[in-house]
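Following the hints, position chain B against chain A.
Chain order of the listed sequences is A and B.
One point on numbering: in UniProt numbering, the residue at position 125 of the first sequence is 125, and numbering is uninterrupted.
One point on numbering: in UniProt numbering, the residue at position 346 of the second sequence is 346, and numbering is uninterrupted.
Bear in mind the hints are in silico, worked out from the structure with no lab data behind them.
Yeah, the Cβ is synthetic: ideal placement off N, Cα and C, and Gly gets one too.
Please note: incorrect hints may appear among the correct ones.
What the hints assert, rightly or not - Label pairs and their in silico Cβ distance ranges: (1) G42(A) - L209(B): 57 to 67 Å; (2) Y165(B) - V189(A): 36 to 46 Å; (3) L298(B) - T53(A): 49 to 59 Å.
Said to hold, decoys possible - Calculated pairs, DSSO-like style, for lysine-lysine (alpha carbon to alpha carbon, straight line, at most 27 Å): (4) K135(A) - K120(B); (5) K237(B) - K283(B); (6) K170(B) - K61(A).
Said to hold, decoys possible - Covered stretches of chain A, as calculated for chain B (at least 3 residues, CB under 8 Å): (7) 70 to 83; (8) 124 to 135; (9) 149 to 157.
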Amino acid sequence: MKFISIFLLLLLSFSFCDAQNELLGVDEQGKFIYYELVEINGMPSAQLSEKVTDFLKKTFKDVKQKEVHGDSSFMAVGKLVINKTVLVMSHPSGEISYHFRAEVKDGKYRFWLSNFNFIPYYRDRYGNFVAATHKGTPLENNPGKLNAVQWREYQIQAAQYAHHFAQSFKDYMIGKTETPNDRLERTIVKKNW
Amino acid sequence: MKIKILLSLSALGLATITYAQDTAPSPLQISGSVDTYYKYDFNKAGNIKTYFANEQNSISLGMIDLALKKTTGKASFVGELSFGPRGQAQSIPNANGVYDETTNSFHIQNLYVSYAFTEKFSMTAGYMGTFVGYEVISPTANFNYSTSYLFGSGPFQNAGIKASYTFSDKVSLMAGLFNDWNVYQDFNGVSHIGAQLTISPVEGWTAYLNVLSGKSAGAAGTGTILDLTTAYQITEKFKLGLNAADYTISDDNGGYAGVAIYPQYSFTPSFALGLRGEGFKIKGVGAAPEATVTSLTLSGNIKSGGLTFIPEIRFDDDKDFSQSFMKNGLGIKSASQFSLAAVYSF
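Only chain B is shown next, with the shape it has when bound in the complex:
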């Protein structure tokens, strides 16, 4: 019995790396990630509450993320579930459409089906990660572990139906109809239109021009977000990313605007350093004043196989007290923190 268990465990530990044969059928892809972190705020308070990495002086959980993908002929599906603070109440609504950890959750990050009518034209329907913005929910696809104000303010997911057409290697266009931001069901009808123009002017440089507009259920006005997300791999080692966005709710009902820049340098395939500098403005509603925040984050990526350690130091300046930074029970304008995250992807 013991030998059987040992053999089973040995088999489980055997990971193989092979090249995909041209003639092999597309297998069911199973992948995912697990992440955990420690954060220490130098003001000894739970400051810098941008999404994730928000718990002070605690070894805390991110999420376990599990994704399935299967392609059969021209049809494919993706189903991605997540469990844990980062993958539940901090990033996806529960069954009632609110962000509440205490009630049941659907745990869904992605749930969609896609059909490629031709090599250039495809349609996709379901609940998808948003096409807007530079950063994403999954820690495996971000360089920094903490996230930007732009990320936290924009949409996380968009349920809808979209069509994509590739004009050439350099230009493609997506357009679609979507629900309100981050909801499974739209109570005021399918109310948003969105589009993404993708341009690749030179090899290594891709720019996404995004627009998403519509009136959400109960909203004071029509919200329109214009977003530019771009990244340029300038050399083998140096990459520069940029995100700029403007969100306006009609009839002077506020919104936000901001710019974030992401220079990253890979010293070796196992070690890279990256900086994120961000300026962010919260638009006032009516006569209310604007508020601005600036943030600087330096992160390392140390990789070994599927494991990535992300040590990170971050400095935020909140001159208009919009972020409620605290020290010794008093409000202050600046906050800084150190965090160390471990992210394993499989």
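For reference, chain A alone in the conformation it holds in the complex:
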């Protein structure tokens, strides 16, 4: 009975994993993209712009703002580090860089993540994992049969990250997410009695 329970648990785990194994959609050029248009009734574009700038500064430490066009268009670059884990063993095996763009208008904004490129890591002479190259391979590329399974994992991780990033961004835009500074605020415990 115990083994049947363990078997069912493992089966459920795999089913859950499978449900999350979706890839990103592709744009007209065949490149992976995560795109969303969001409406926030009544919020002026100036306030939305301020929130986008704040988000890029405060939320994801690996996201850096690169361009601002006027008060309504923003571009940033970011990366997610991919970890390979076998039981207790874990180390970075590569990173996926991406571009984030956001545009705002009165009462609405749109954003997208695109240009996903994979850069493998290797262990250098000092035992640190570092990028093997500066020019990544587009994540849409066919890696060949030998690396197909691992490559698909990278694509799945990019999709999961994009959903996570998008949710954080949307939450921030409606003031739902706490910033790291908020988290640092301490509750004062008084010892009066």
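Showing chain B alone in chain A's frame:
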């Protein structure tokens, strides 16, 4: 019981790939590699004895390499141990400070602690892979499996204390005090100074200008090595590397100089070809003549997950008979070999 064993084995086989969360604490990193090779020398002798891949017509061992790294706040450590010919007597000294497989070994490739005082300034102390040169001991960080004469002649490790400062994304500087080359303990005091200037003029191009100078215990003079190591990822598929070095021991006590160039082309993420062309000169001591060696190596990298196959063909020309190449018991000027290595990294 059998089911328990099966479940345990299944769990061991489960490797997961996940992206690192910003808020996750830094885990203990465990990584390493295993390598083995077959070499066939076309003169049917154990020629081309540059470090590693030196055993003729034999399926031979490289090493098993195990590395631990942990970062807690601003402090971190790295401990890397290796076992096997490549990771013991061929590249690291034993407890007595000599390269001898028959006596006990410390097995240590890296053992150091580091503290990042700021994002730009850090200090590191311990026993570290050398900062000099293009190629390294670990087969996972080299494109070719056999190694160059420059690699075999230069330092492998430097024990010492060093400070690193990053001026900008394009410039950083390391300077430090070091023991003699490749020793755990310096018997004539901390005797070497070294520095590395790192420049990244454009994205994808990094150059390291290295200097290491000092008088080793029992040495005839002060040895100074000047080294340029650079690599430029020119396109997504093409990378060009270069290593040039000059080592001189004062008072005409010899040294070496050489240049190696490394063009590499990735046809797919799983398959790449790379060439290494090298010219190497051994400086004569006193009135002794110089000797020169040239070498050409063509290697393939075929990757599948953590496994890399490295088929390789190499041609060496030793016009001054400094490398003792042999054929049918007689000395000759040239040697060539084929090797096939399998390197697994985890």
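Checked hints:
no.: 1; hint: G42(A) - L209(B): 57 to 67 Å; in the structure: holds (59 Å)
no.: 2; hint: Y165(B) - V189(A): 36 to 46 Å; in the structure: holds (41 Å)
no.: 3; hint: L298(B) - T53(A): 49 to 59 Å; in the structure: holds (52 Å)
no.: 4; hint: K135(A) - K120(B); in the structure: holds (24 Å)
no.: 5; hint: K237(B) - K283(B); in the structure: violated (37 Å)
no.: 6; hint: K170(B) - K61(A); in the structure: holds (21 Å)
no.: 7; hint: 70 to 83; in the structure: holds (count 4)
no.: 8; hint: 124 to 135; in the structure: holds (count 9)
no.: 9; hint: 149 to 157; in the structure: holds (count 6)
The structure fails to meet hint 5 from the earlier list, while all remaining hints are met.
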